[in-house]
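Q: What follows is the residue order along each chain.
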Amino acid sequence: MATKLKEVDVVVVGLGWTGGILGKELAEAGLKVVALERGAMRTPAKDYAVPFIRDELRYVVRHDLMQNTARDTLTIRNNPSQEALPMRRLGSFLPGEVVGGSGVHWSGHTWRWTDMEFKVRSMYEERYGKNFIPADMTIQDWGITYAELEPYYDKFEYTAAVSGKAGNIKGQIQPGGNPFEAPRAREYALPPLRTILSSELFAEAARNKGYHPFPRPTANASQAYTNPDGSVFGACQYCGHCQRFGCEANAKGSAQITVIPIAMRNPNFELRTNSWVTKVLKDSDGKRVTGVTYTNVLNGEEFEQPAGMVLLCAYAINNVHLMLLSGIGAPYDPVAQTGVIGKNYCYQTGASATLFLEGRHFNPFMSAGGSNVTVDDFNINWDFDRGPHGFVGGYNVGSGFNSPLPIGYRPVPRGTPQWGKAWKAATAKWYQTAMNINASGAVMANRYNYYDLDPTYRNAFGQPLMRMTFDYKTNEHKMGEHAAKVINEIARSMNPTHLTEAAARTQPWTVVPYQSTHNTGGTIMGTNPRDSALNKYLQSWDCHNLFVVGANVFPHNASYNPTGPVGALAYWTADAIKNRYVKSPGPLVPA
Amino acid sequence: MQDQGFGRRDFLKGAVVGGAAAATTTVALPEPAAAQQPPAAAAAEAPGSPVYSFLNLDEAAFVEALVDHMVPADELSPKGTDIGINIYIDRALAGAWGKGDRLYLQGPWKLGVPSQGYQLPLTPAQLYRTGIEATNAHCHKAYGKSFDRLSEQQREEVLLALAAGKISFDNGLPARVFWGTVYQTVMEGMFSDPIHGGNRDKAGWKLIGFPGAVAVHRENILKYRDKKFPHEPVGIADMS
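Chains as they are written, first to last, in our numbering: chain L, 1 to 591; chain B, 1 to 240.
Do not take every clue at face value.
As the list claims (entries may be wrong) - Okay, the calculated beta carbon distance ranges per label pair:
| # | chain 1 | residue 1 | chain 2 | residue 2 | range |
| --- | --- | --- | --- | --- | --- |
| 1 | L | Pro455 | B | Pro121 | 18 to 26 Å |
| 2 | L | Arg414 | B | Lys110 | 31 to 39 Å |
| 3 | L | Thr474 | B | Gln154 | 45 to 53 Å |
Said to hold, decoys possible - Subject to a maximum C-alpha distance of 20 Å in a straight line, what follows is the list of computed SDA-like cross-link-like pairs (lysine to any residue):
| # | chain 1 | residue 1 | chain 2 | residue 2 |
| --- | --- | --- | --- | --- |
| 4 | L | Lys473 | L | Asp333 |
| 5 | L | Lys421 | B | Tyr143 |
| 6 | L | Lys485 | L | Lys155 |
| 7 | L | Lys429 | B | Ala163 |
| 8 | L | Lys421 | B | Asp82 |
These aren't lab readings, by the way, just hints derived from the structure by calculation. Ideal placement from N, C-alpha and C gives every residue a C-beta, glycine not left out.
Using the sequences and the hints, build the whole thing.
A: Here is the structure:
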């Protein structure tokens, strides 16, 4: 029997970027906020300090900051005819499980998604006709515009110390930036990071091909910085240990050094760690939620926390799982094409080439999380005509190193033995002299890519695991082929000693090895309750005092990393709650 | 030095069950073995005379032979046992990871398809134990000897066949899964921080020019642009 606690105004489930932003903003607006975080408290000073944080085995291979799959995981299959089996350990994606969430261990790449995503169906239909979009591609407009989000992108970028070069300020194209980006009100919070040799060589080759390289905007402070809230950042040290690690220099934009400590100083805010939320509770009429139940994972004790408002701010996958477990909204059925919870799960695709350039010294270990250079000519460039290539969406191409540490990163040319003296010699020779060119590609929503509850497997709390059904479709294959061709042309122009060419991912998606922690969809935002779970303020169509925040609200996935719009939408939702919902609780958009 | 491990195993086995039976049946006697060895900490510092927390004598012989074959001594690095890859593997198997930490171990159990990842009802330690047994059974069948007693050429044949998925184990264990784990742990033992028992004297890092736990490259990124970073690697213990 759960112990019933005293009601609070707001319960926040999960304390990473989104929970931190909403917790801080709502506590400052005078609401009593309780945040429930499944993981433990970790702080930079005691947990991310040098030298102990520099441990590839512990943090990269053994997933020290990540979700523990012994306690809760997913089942996985490529299509509905397969039997789903549990993801028994992490691989393809890595949800975080500490205070700060996945924002502790991200690289910091921070993009502004544009109307090319938010109006995806209408823009493609207008230009190419309705038949261009395959019948099973369930893409839809998001119900929000770039212009609405612009101030919130700005706020997130300045909070997170995003370093970059503007390409378009109020419609004026800026030299050195991304000429395809949507107009921004002002420059980035900080100038771009120092480039590294591999990025420079890529940039030169891309420019010679007529493309438009620019430094990737990243929440790695290029110099010491104090954000508008007064949070202090050190300068990035290009330590090579960014992705999968907490930052010892406080240079990575993360909630645990910005919004969370500010919230925790506010008497209106209370954090309970080691608190695993098992269910969102509904009122008898089903129109409102009344709070959550959670388990103290240190002793198994169960609690009910009543609340006037519930904000799901866990990792994207876990938010959807909680909605399904709580029976809020109709579960999606791909056969009947009814229901919305679990709909439009998307991931990302890509292609990658490795270039071996004898005589170079790239020193890959000297790199920031985002010392990459990117080309967006095939991404948010609407002048790029998809018609002849037959795909929807785009991909960005870039070069740079992301935690190129030796257990995981030892490039050798194809045909090199896997062990022995020849392997050693090749490993020694090429570690310093190889670089990559990578594409990250969008994944459009598909009728048969979705989440539901698994009928067989259970988590440590006795609840059904979530089941993920996902595979790449023809659209991704075509895009991958295009991307591979572009990458290989750039790569060959650099005259590498050896080249491992890029190829489209045409095999079934696999749960190993690591690919990207950019899982989107499942509780999507939209314009009406028939085809979306949430309105444009991330408010549940079913229960108006429930908000679900994270990449789970994206109706499809772009080529860009998701944290830019995730952070912007968190601020956007905070404003909607503070300025409108609190004054007049009810649906913010008529159903 | 190179025969020490095998000799010790023969000595210990001979004392208990007699030489002939030892070829197929292992009776590990960790206590007498440990009693004859220096303390573990000292053993980890110095090459030779390793002390194991998990591996039995057959397994130790297998792992020592494996890591010395995969990482032979040459001008680029000492051999696998001399840089402690066997020690790393033993500790990893004896520790939390080996015991299945973070591994979802609830049934039902099905092999599934490769895209579904690891699906065996075994902890890494159990997988290693069973896999070594199965590999040795294969070696006995093919060559009349356990893996550690094969010639270099025969070992190479076995590993190539394992890596190419050309060996099927009689006990039903998927050989590709065993090999995947073996290969990954050998790499971890060569390239992880020396605090984990392998990469002794940062030999793996020296091989590739990786500077280790060094934290600050803000200026180096300019100073060593397209140049070799000349400093010796530094491990966590060196900075603590």
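Q: Work down the list of hints and note, for each, if the structure agrees.
A: Verification of the hints:
| no. | hint | in the structure |
| --- | --- | --- |
| 1 | L:Pro455 - B:Pro121: 18 to 26 Å | holds, 20 Å |
| 2 | L:Arg414 - B:Lys110: 31 to 39 Å | holds, 34 Å |
| 3 | L:Thr474 - B:Gln154: 45 to 53 Å | holds, 48 Å |
| 4 | L:Lys473 - L:Asp333 | holds, 19 Å |
| 5 | L:Lys421 - B:Tyr143 | violated, 25 Å |
| 6 | L:Lys485 - L:Lys155 | violated, 37 Å |
| 7 | L:Lys429 - B:Ala163 | violated, 23 Å |
| 8 | L:Lys421 - B:Asp82 | holds, 15 Å |
Hint check: violations occur at hints 5, 6, 7; the rest are consistent with the structure.
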